[in-house]
Structures are given as C-alpha cells and as structure tokens.
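Read in order, the letters of the sequence shown are residues 1 to 346 in the working numbering.
Worth double-checking, as some hints may not be accurate.
[Claimed, not checked] Keeping only pairs whose Cα atoms sit at most 25 Å apart, straight-line, the calculated DSS-like set for lysine-lysine is:
(1) K316 / K135
(2) K316 / K134
(3) K238 / K135
(4) K174 / K184
(5) K238 / K174
(6) K117 / K184
(7) K218 / K117
(8) K316 / K152
(9) K316 / K328
(10) K218 / K238
(11) K134 / K218
(12) K174 / K135
(13) K174 / K218
(14) K262 / K238
(15) K184 / K134
(16) K184 / K218
(17) K135 / K262
(18) K328 / K134
Treat the hints as calculated values from the structure; they're not laboratory data. Computed from a predicted structure; not experimentally measured.
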Amino acid sequence: MLCQCLVNVMPMLCQCDLMNVPWDGFGLTPAFAPVFLYKRAFLKCPLSKRGRRCFVPEERDCIFIFSSVFASACCSQSSLEYEMEVVLIACGSFNPITNMHLRMFELARDHLEDTEKYRVVRGIISPVGDGYRKKGLIEARHRVEMARLATKTSDWIEVDTWESLQPDWVETAKVVRHHFEELKAAQRDEDEDDTVSYGKKRRMEEEYPSINEAKHPKLFLLCGADVLESFGIPNLWKPEDVEELVGHGVVCITRGGSDPEKFVHQSDVLWRHRRGIHLVREWVTNEISATHVRRSLRRGRSVRYLLPDAVVTYVKEERLYSAQSEQKNADVVLAPLARYTDAGPS
C-alpha cells in the first residue's frame, strides 16, 4: 500500500508537465510515472508519526527528477533522501582470519543501514600477498583458503584473491582503486545489456547527474581502530593514499581502549573527510586478535570459538602456526617501510 506521501503528490504529478520526460529510456510509460519509486528511495516526511520515514515505491533512479515535486507536496521543510548501495572491503593479513574479522562486517552493515542512507550489498575480504613480508606471515594460499572456509556460510561476504596473487606488495589504496574500477566496469556492462534504451539513459544521466551518481555503488574500506591510527605513523602510508582512502569512505570498528575520535580530530586529512569516516563502537567487547590466536596455537592451546570451526580444522590438518613459522620474515623490513624509507633497495 502506498504511503500517504505518495497519495498526496499523485494529483500534483498529474498536473505537472511530466509527459515530456523520456520515460521509455527507463523502461516506463507515462501512465506509470506517478509510481516510479520502487527500490532505494524513501521520503523523510513530517506527516509520519514520531519521525518515522515514509517508504515510497521507486522505479529505477527516476526519483531525482521529481525531488522538488515531492518536497513541495509534503512540506517545504521535508527533504528527499535515497539509499546508496555500498560495498565493504577489508584488506589485511588475515593470519589467520578470526570470528572478529567476520563480526566487523556485520557491525559495519548494521551501522550503515541504520542511518537509512546506505544499503550494504556486498563484502570483500582481500588478504595481503606474501610480498608484505610481515613477521610470522604464512603463505597467502593458506590465508586465502582459511578465509574462504570462514565465509562459506555467508550470503554476502566473499574472498577476493587479486591482491594475494600479486608478486610484490600492493598498497591498500591501489587495491581499493582496483576494486572500485571493477565495480564501475560491472555497472557499465549492466547498463549496456539493454542496447535499446542505453542511449536514452545516458541522455537522462547527463541532464540529471544525481541519477548517475546513485547508480554506482560506493566502496568503503572496513578496518579497525588500529589501522585508522596507523595513518599517522611516519613512512607507513603515503599521504596521498590516506587522502584517497578516506575520500572513498572508511568504516572503523573500535575496540576497548581505543580513541579514534581523538585521532580524527588530530589529523587534518581525517578531519577534512570526517563526514566519510564512520566510527562504529562494539559494545559487546571482543578482544580476539590474530596475534593472540597464533600464540595459543604455538603453545598447543585450544582456539575453538575464536576461529570458525572449518578454519580450526584446516589449521590442524595443515599444521600451521608453529614457533618456526612465527620467525618467518623476522629479519626482513616490512614492505611499506622498505619502500618509503632508505631501508629499501635504491
């Protein structure tokens, strides 16, 4: 059933000069114009009780064309909003992947969707390649397989191997850039599937830029507070990379004892992009860390319920995480430090 907001504006739509809009470019007919909303749009309407949002059906992305019509029909102070599709990407060692890594995705999705501005459609886990050269980092093939086993029961989180297969370490900004380009390419392919209306859609997008903006999912970096704070460590991140990452958007899951708000306040770059940095506090404290898990495994202690059961089984079968494996790369400079300082090869 259509909400009262739509009922109020339908007579207005019929009186407006809407018949000249190229509806067929969106697979619509003029007769169907009044009910064009279906998918992502909702109206923040003062007529709704106790500030609840009135959800309105949408058809494709035509909502932007009539924002002024809806606003004036409901109330001069009401504002039109829409849900932006978001893909979350987490980059890291995942050495090994833990339940907390998976929990971060769920926390981030709940937080973003509670704002009623975003809809999280996909999660990507991107294990770092062997070229990162971090102490105790086991082979990428094992870390990728453990991540696959951990996400086997998820219907929206997946593992991507592109970063792990690179022969040299790849900066996080380049990884995010790679996946963002893939998202845009997939969207272009989807648009071009309908060759009949493609040209008309392009003309609509040029006339109404908001339509084109909403079509492309946002790509947000998902990380812990330690990563956000590491942006300030000298020679660990390039300033332009930090600028690019926070420009895309960041969702930061905080741990007990961390103070990401303070770090955002102290960093000019993060402060400039503060509206794109989403800080999520986990009130159910969980201090699982891969470092502690590896230590328990070296000492023959149980890690059940810290890792997914399938990962625990894999670790045992492959005999991973021994005292010997923890010394791997012990005498090697971490790849970012080697690349950005004089410690690396000239």
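Hints and how they fare:
no.: 1; hint: K316 / K135; verdict: 21 Å, holds
no.: 2; hint: K316 / K134; verdict: 22 Å, holds
no.: 3; hint: K238 / K135; verdict: 22 Å, holds
no.: 4; hint: K174 / K184; verdict: 15 Å, holds
no.: 5; hint: K238 / K174; verdict: 12 Å, holds
no.: 6; hint: K117 / K184; verdict: 20 Å, holds
no.: 7; hint: K218 / K117; verdict: 12 Å, holds
no.: 8; hint: K316 / K152; verdict: 19 Å, holds
no.: 9; hint: K316 / K328; verdict: 19 Å, holds
no.: 10; hint: K218 / K238; verdict: 22 Å, holds
no.: 11; hint: K134 / K218; verdict: 30 Å, violated
no.: 12; hint: K174 / K135; verdict: 23 Å, holds
no.: 13; hint: K174 / K218; verdict: 16 Å, holds
no.: 14; hint: K262 / K238; verdict: 21 Å, holds
no.: 15; hint: K184 / K134; verdict: 32 Å, violated
no.: 16; hint: K184 / K218; verdict: 10 Å, holds
no.: 17; hint: K135 / K262; verdict: 29 Å, violated
no.: 18; hint: K328 / K134; verdict: 8 Å, holds
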